[in-house]
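> Work out the full structure, taking the sequences as your base and the hints as a guide.
Plus 5 on top of the position in the sequence shown (first one is 1) and you've got the numbering used here.
You may find that some hints are simply not true.
No farther apart than 20 angstroms at their CA atoms in a straight line, the calculated lysine-lysine pairs in the PhoX-like style are these [unchecked claim]:
no. : residue 1 : residue 2
1   : Lys83     : Lys152
2   : Lys83     : Lys146
3   : Lys83     : Lys157
4   : Lys83     : Lys179
5   : Lys157    : Lys93
6   : Lys157    : Lys179
It is worth saying that the hints were derived from the structure and are not from the lab.
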Amino acid sequence: MSCPTIASTATHLTNGGVTSVDCQKQVRSWGLLRSIMALLVPTCNRAIIQNPQTKHHHLHTSNSSVITGTIFGYRRGKVRFCIQTNYKSTDPILLLEFAVPTPVLAREMQGGILRITLDCTDSEFSSSMLPLWTMYCNGRKVGYAVKCRPSKTDTDALRLMSSVVVGAGMISGKELENEDELMYLRANFQRIRGSADSESFHLIDPEENVGQELSIFFFRP
6 MSCPTIASTA THLTNGGVTS VDCQKQVRSW GLLRSIMALL VPTCNRAIIQ
56 NPQTKHHHLH TSNSSVITGT IFGYRRGKVR FCIQTNYKST DPILLLEFAV
106 PTPVLAREMQ GGILRITLDC TDSEFSSSML PLWTMYCNGR KVGYAVKCRP
156 SKTDTDALRL MSSVVVGAGM ISGKELENED ELMYLRANFQ RIRGSADSES
206 FHLIDPEENV GQELSIFFFR P
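This is the structure:
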């Protein structure tokens, strides 16, 4: 089975254990969020990417209006959302685990629009607390999201993705000492602060347009 190519949306370096993506999707507009769906179907060879750091920061430490956002998760696991200052960073500003299995979130993306709303019941964010958010996907309550400290697996995954500027793909489980494959979607997001208690992130497509295909909203009482 032949695979379409993506060259314009992801940058992959070939170095050491790093190989270029064999099974890729053309992502010219992010109605191509649906492209992540195709990654659920085992077709051709997997993606493996490339290169370390750790700490835990508060969501508001970066004043940049454009950040890097990475959604990733094992095919048979739950999804994580990572906010980074740039695509090379392995030191996330914020890391959340969604209570949604990866295939379920991918199905939500299939329609081309995904709006995630996170309502936090905690009034304070501190390194000693792990805030809990009620999570909604396209208006439907789907469970919770919890703030996490990056594990070694998270850091290793981000290191392997550090050559990807924007794009979607897979990392072989062997690279992470896991039998399952790790799916990821990385993009630039426009960060908008509505108030001290509300903030949103909107995906910027490869043509530098801010669309409605993927938006994530944070609210606190």
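> Work down the list of hints and note, for each, if the structure agrees.
Tested hints:
no.: 1; hint: Lys83 <-> Lys152; result: 14 angstroms, holds
no.: 2; hint: Lys83 <-> Lys146; result: 16 angstroms, holds
no.: 3; hint: Lys83 <-> Lys157; result: 16 angstroms, holds
no.: 4; hint: Lys83 <-> Lys179; result: 18 angstroms, holds
no.: 5; hint: Lys157 <-> Lys93; result: 16 angstroms, holds
no.: 6; hint: Lys157 <-> Lys179; result: 15 angstroms, holds
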